[in-house]
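Chains as they are written, first to last, in this note's numbering: chain A, 1 to 287; chain B, 1 to 397.
Worth flagging that the hints you see were computed from the coordinates, not collected in a lab.
Hints may contain errors.
Straight-line distance between alpha carbons at most 20 Å, and here's what the computed SDA-like set of lysine to any residue pairs gives [as the list claims (entries may be wrong)]: (1) 204/A x 317/B; (2) 207/A x 125/A; (3) 204/A x 119/B; (4) 207/A x 133/B; (5) 204/A x 118/B; (6) 300/B x 271/B; (7) 204/A x 131/B; (8) 207/A x 141/B; (9) 289/B x 317/B; (10) 188/A x 76/B; (11) 204/A x 96/B; (12) 188/A x 119/B; (13) 188/A x 63/B; (14) 298/B x 317/B; (15) 271/B x 250/B; (16) 188/A x 200/A; (17) 106/B x 214/B; (18) 188/A x 112/B; (19) 19/B x 241/B; (20) 327/B x 339/B.
All of these numbers come straight from a predicted model, not from anything done at the bench.
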Amino acid sequence: MIEKILNPLEYLPRLPLGEGIEVAIEWLRVHLSPVTRALSEVMQSLIVRMTDGLIWLPPLVLIILFSLIAWRLSNRSVAAFSFAGLILIYNFGLWPAAMQTLSLVVLSAVVSICIGIPMGIAGARSETFHRIVWPVLDLMQTLPAFVYLIPVVFFFRMGEVPAVMATVVFAMPPVIRLTGLGIRQVPKELVEACGAFGTTEWQKLVKVQLPLAMPTIMAGVNQCIMLSLSMVVIAAMIGAPGLGTKVWGAIQRLNIGGGFESGLAVVVLAIILDRITQNLQNKKIQG
Amino acid sequence: MSKIIIDGLTKVFGNNPAKALQMLEQGFSKDEILQKTGQAVGLNNVSFTIEAGETFVVMGLSGSGKSTLIRCINRLIEPTRGKVFVDGAEVTAMNEQELREFRRHKQAMVFQQFALFPHRTVLENAAFGLEIQDVGRPERFERAREALALVGLTGWEDSYPHQLSGGMQQRVGLARALAVSPDILLMDEAFSALDPLIRREMQDELLELQEKMNKTIFFITHDLDEALKIGDRVALMKDGAVVQIGTPEEILTHPADEYVARFVEDVDLSKVLTAEGVMKDPEVLAFPKDGPRVAMRKMKDKGISSIFVVDRNRRLLGYVLMEEAAKAADRGDPDLTKIMRTDCIKVPPESTLNELFEKSATSVVPLVVVNEAGRILGIIIRGVLLAGLVKENYAND
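One chain only, chain A, in its complex shape (with noise of 0.2 Å):
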């Protein structure tokens, strides 16, 4: 009694958000389900095809291949060191479960790029638009990824699909903010000699924006990519397949060995696809 009289916050009575946000999950599953059934196949589709497509490729080529894109696209060490470490990956057995990560990672990437950009762009341009959107991002960034990544299997069971949806929400934001950013950060005179030249704003943002903003945009690609191998990873709890499944199996079973070599696969690829990316954006700020 004295307790509850020198703490008077214990009247309150406690705010049911928890169970809101239940019923308004069993709500939306219920009633989205044919969206999400739709969905989840095709991203389904898309996923196993592009796996077993990198799978069926010899590794060799595969390797090369790969060698060769980074050299095309940053230099000539990034190459070689593309090369060994894919090739350490193969030599720990690795190859099939790295790929499939990769194709998570891709997908992810990829869509996140879609939506975000877009949504970037959107929010450059429309305050209000800004206004609501960037503490939705805060939200999506520092919500500790267990918590959705639970929710999203209510929506598309486990397997690659809700992985690839917990990974978008993780890795869409610096997406959205870096292009918004890199829009806003176009000094002001050349916006306005587009205007006076008599640019439609569609002309303005093709010519003029989009182009500056350019190596903006691409370091929240670069950000986005590792983002979503970071999380395709976790991603592994429910039921992604690829290096997370291997990592999570050898914690299991205290295998500390293959956990390491499954954990230094991961750092080779997310080092090729951080590299190549970097330099991307890099090849961009001189033209």
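Given chain A, work out where chain B should sit, using these hints.
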């Protein structure tokens, strides 16, 4: 019809312009309105007209509203009240589509900080306006090349703006504007960011170009010397209002108020005033048919020691000195042309006082101002040159 008509243009920055407009009408000053309503008056009832082919310069210090004014002409800034007409069409009444067409074809703008696109080559920058008009690639690059040649940038087409000096960058800016062949050039402090030497060079080139192109140029500057040099007419602005409009000479010699007078007091008149401005009417001229006696009488009447001889079209032939006319009259020689000298110094009407001083020093007789056809417009005697440097006192007007 005038090329550009600006009628009662007013701009209030802020969320409640109606209140500020009302206070403007009641005669409150810009500062008072800002204090009471928080609304900033950018332009206050500006009206004037610009003729085709004219170089019209608006001169004012920062905050005088000149940048707002130039942007109201193509509506980069929407005026709060007032009208802008170009070639009789009301720009301020245009819808989005019409305004875009107007901006694409009628006018082009040159900016203080150049505003070149860093991701485009010089050629692509110059072709920008045409690209926006959807002109095909070969044609727009050809026209851009021509514009670049006009400003002396041939050979730099494939460079990027950051590889160019400031002066060259602004040439690109000028070429970008000229490439769309606009009737009107809007130049917003176009040369203010350049070094003094380069600035002068660009001013000269603009004058030269203008001679060939005959565009209507609306030029904004905070530099009075620049305004006086390139403007056919100059408008002085203060606190969003036009204080005086006139030719450079009118502004120098008859400043409308103390503000203008303080402005112009440091101007080096010898660089600005022209022969045309200080010359005086020759009052009396001799003709070849006049004998020495007639010429002598004409000189005596006016108390001068030499007289210029012209033909029937007032074309200058030479001059006759008093003493030689007297000798010829004594000899009874009736032909004036025998004693006529032809070594007088002719100057064009636009030469500056600076140039005249030197010539005047070496000449016994006054300098003669003649037009291109050789017709005498006026004469300049040494005393007038000096008097030209002493400004009339506006207060005693």
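Against the structure, the hints:
A distance of roughly 63 Å separates the Cα atoms of residue 204/A and residue 317/B; the hinted pair therefore is violated under the 20 Å criterion. Distance restraint check for residue 207/A and residue 125/A: the Cα-Cα separation of roughly 16 Å lies within the 20 Å cut-off, and the hinted pair is therefore satisfied. Straight-line distance between C-alpha atoms of residue 204/A and residue 119/B comes to about 14 Å, which keeps the hinted pair within the 20 Å bound. With a C-alpha separation of about 13 Å, the suggested pairing of residue 207/A with residue 133/B holds against the 20 Å cut-off.
For the suggested pair residue 204/A and residue 118/B, the alpha carbons sit about 14 Å apart, so the restraint of at most 20 Å is met. Distance restraint check for residue 300/B and residue 271/B: the Cα-Cα separation of roughly 35 Å exceeds the 20 Å cut-off, and the hinted pair is therefore not satisfied. Straight-line distance between C-alpha atoms of residue 204/A and residue 131/B comes to about 12 Å, which keeps the hinted pair within the 20 Å bound. Taken as a hint, the residue 207/A and residue 141/B pair is honoured in the structure, with Cα atoms around 16 Å apart against an allowance of 20 Å.
Among the hinted pairs, residue 289/B with residue 317/B is consistent with the structure: their alpha-carbon atoms are about 12 Å apart, no more than 20 Å. In summary, the hint linking residue 188/A to residue 76/B is supported, as the alpha carbons are separated by about 12 Å, within the 20 Å threshold. A threshold of 20 Å between alpha carbons decides the hint, and for residue 204/A with residue 96/B the separation of about 15 Å falls inside it, so the pair holds. Between the alpha carbons of residue 188/A and residue 119/B the distance comes to roughly 16 Å, so the proposed pair stays at or under 20 Å and holds.
Proposed proximity of residue 188/A and residue 63/B is supported: the alpha carbons are some 19 Å apart, at most 20 Å. Distance hint between residue 298/B and residue 317/B is fulfilled; the C-alpha atoms sit about 17 Å from each other, no more than 20 Å. Only pairs whose Cα atoms come within 20 Å are accepted, and residue 271/B paired with residue 250/B is accepted, the gap being roughly 15 Å. As the CA atoms of residue 188/A and residue 200/A are separated by approximately 16 Å, the hinted pair is consistent with the 20 Å bound.
Among the hinted pairs, residue 106/B with residue 214/B is consistent with the structure: their alpha-carbon atoms are about 14 Å apart, no more than 20 Å. Annotation: proposed proximity of residue 188/A to residue 112/B holds, straight-line Cα distance about 13 Å (limit 20 Å). For the suggested pair residue 19/B and residue 241/B, the alpha carbons sit about 19 Å apart, so the restraint of at most 20 Å is met. The hinted pair formed by residue 327/B and residue 339/B meets the criterion: a straight-line CA distance of about 10 Å does not exceed 20 Å.
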